[in-house]
Amino acid sequence: ELKVEQNPLFLSMQEGKNYTIYCNYSTTSDRLYWYRQDPGKSLESLFVLLSNGAVKQEGRLMASLDTKARLSTLHITAAVHDLSATYFCAVDNNFGNEKLTFGTGTRLTIIP
Amino acid sequence: DTEVTQTPKHLVMGMTNKKSLKCEQHMGHRAMYWYKQKAKKPPELMFVYSYEKLSINESVPSRFSPECPNSSLLNLHLHALQPEDSALYLCASSQGFQGASGANVLTFGAGSRLTVL
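As they're listed, the protein sequences go chains W and B.
Number 152 in this note's numbering belongs to position 85 of the first sequence; there are no gaps in the numbering.
Number 364 in this note's numbering belongs to position 73 of the second sequence; there are no gaps in the numbering.
Everything labelled a hint here was simulated from the structure, so no lab data went into it.
Heads up, a few of these hints could be off.
What the hints assert, rightly or not - Distance condition first, Cα-Cα at most 25 angstroms in a straight line; then the derived BS3-like pairs of lysine-lysine:
#	chain 1	residue 1	chain 2	residue 2
1	W	K166	B	K329
2	W	K70	B	K332
3	W	K166	B	K313
4	B	K329	W	K108
5	B	K331	W	K108
6	B	K332	W	K166
7	B	K331	W	K166
Claimed, not checked - Which chain B residues stay away from chain W? Per the calculated CB distances, all over 12 angstroms, these:
#	residue
8	L302
9	M304
10	E315
11	S353
12	E358
13	A383
14	L408
Unchecked claim - Here are some, though not all, of the chain B residues that point toward chain W, as calculated from beta-carbon distances under 8 angstroms:
#	residue
15	G319
16	I347
17	F399
18	G402
A quick note: this is a predicted structure, and the numbers were derived from the prediction, not measured.
Every residue gets a Cβ at the ideal spot worked out from N, C-alpha and C, and that includes glycine.
Bound-form chain B, shown alone:
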């Protein structure tokens, strides 16, 4: 199984709502990532979890709250979002730099397209 599965594919929420994005991988990868991608822009790193611990937080507003319940699951909890948070949210996973090659190749999920009204 070489997939990263994200749910939901589409989400529309109001600024007062609380919702969550979910991500799952069964490749035994040790690192999991959240990226945000606006239209016609590159993905921007939000959070990295390594061995289920938050290792990188790119100064993301607190209305985004990541959670890693176990090594296969990664959630992104959303609360009091703004319309400018509307974007494609991409989850990814990787082995990290443990491999003999030293490469850290990310496998991306299909994304969750979020619209904040």
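Looking at chain W on its own, in the form it has when it is part of the complex:
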């Protein structure tokens, strides 16, 4: 069974600081996704990482994938309050079906 774990589970950081969220998964997969969820809202797709070494950046967020280590990172640069949300990574099970397993989630709070 595919397990996807994130750390930290909770992160409180000051505006302007940098930090990294880690996503580890237990079985081979070439496809990893990052989603954002605001409180009481739905999930929004942020990044799709499709190969070893893939790096994607959007604004203050940058995601990377190391398939050999089964690790993805989401790096936040110079955090701003608008980035406060819960971030989920999600992994395809590589069986060619549509099953997507979500990580445990990281609740990020940016303090002014």
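Starting from the known structure of chain W, fit chain B onto it as the hints suggest.
For chain B alone, kept in the frame of chain W given last:
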């Protein structure tokens, strides 16, 4: 139109009631999903329909019954639910793995928040 629309947004039901959650997408997506999300937890996959056929059933109790009347619509019929079934129910759709990129990006609806008394 890049939306997935879910109705109702909120539903309160008793354990003996029968109700349905509805989901609609007009993006031409071939796969539609039901996820259940408890507070402060990740979404958990319940069902996947691919080309209107049930392709994944994650051993969900039979009190949840999915239905896909056509490629744009997905329903979740609820009967004899328990209080622990109270959660946010998220519908999503995707192209599947058909695209050249091989990615399967899900577009989620706003969710239906269900409370079972």
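Do the hints match the structure? See the list:
Restraint check for K166 of chain W and K329 of chain B: satisfied, since their Cα atoms lie roughly 19 angstroms apart, inside the 25 angstroms limit. This hinted pair checks out: K70 of chain W and K332 of chain B have alpha carbons roughly 14 angstroms apart, not beyond 25 angstroms. For a cut-off of 25 angstroms, the pair hint linking K166 of chain W to K313 of chain B stands: about 21 angstroms separates their Cα positions. Only pairs whose Cα atoms come within 25 angstroms are accepted, and K329 of chain B paired with K108 of chain W is accepted, the gap being roughly 13 angstroms.
Of the supplied pair hints, the one linking K331 of chain B and K108 of chain W holds, its CA atoms being roughly 12 angstroms apart against a limit of 25 angstroms. Proximity of K332 of chain B to K166 of chain W is assessed by CA-CA distance (about 18 angstroms); at most 25 angstroms being required, the pair is judged to hold. Proposed proximity of K331 of chain B and K166 of chain W is supported: the alpha carbons are some 21 angstroms apart, at most 25 angstroms. With 12 angstroms as the threshold on Cβ separation, the claim that L302 of chain B sits away from chain W holds: the shortest Cβ distance comes to roughly 15 angstroms.
Interface exclusion of M304 of chain B from chain W stands, the closest Cβ pair being 20 angstroms apart, more than 12 angstroms. Non-interface status of E315 of chain B relative to chain W is upheld: no Cβ of that chain comes within 12 angstroms, the nearest being about 15 angstroms off. The claim that S353 of chain B lies off the interface holds: its Cβ sits roughly 21 angstroms from the closest Cβ of chain W, which is beyond the 12 angstroms cut-off. With a least beta-carbon separation of about 18 angstroms from chain W, E358 of chain B lies farther than 12 angstroms from that chain, consistent with its non-interface assignment.
The beta carbon of A383 of chain B is not kept farther than 12 angstroms from every beta carbon of chain W, the shortest such distance being approximately 8 angstroms. Against the 12 angstroms criterion, L408 of chain B stays outside the reach of chain W, whose nearest CB is about 20 angstroms from its own CB. Taking 8 angstroms as the C-beta contact cut-off toward chain W, the hint placing G319 of chain B at the interface is violated, the least distance being around 16 angstroms. Restraint check, I347 of chain B versus chain W: the minimum CB separation of about 6 angstroms is within 8 angstroms; hint holds.
Restraint check, F399 of chain B versus chain W: the minimum CB separation of about 4 angstroms is within 8 angstroms; hint holds. With a cut of 8 angstroms, the hint placing G402 of chain B at the interface with chain W holds, because the nearest CB-to-CB distance is about 5 angstroms.
Hints 13, 15, counting from the list given before, are not met by this structure.
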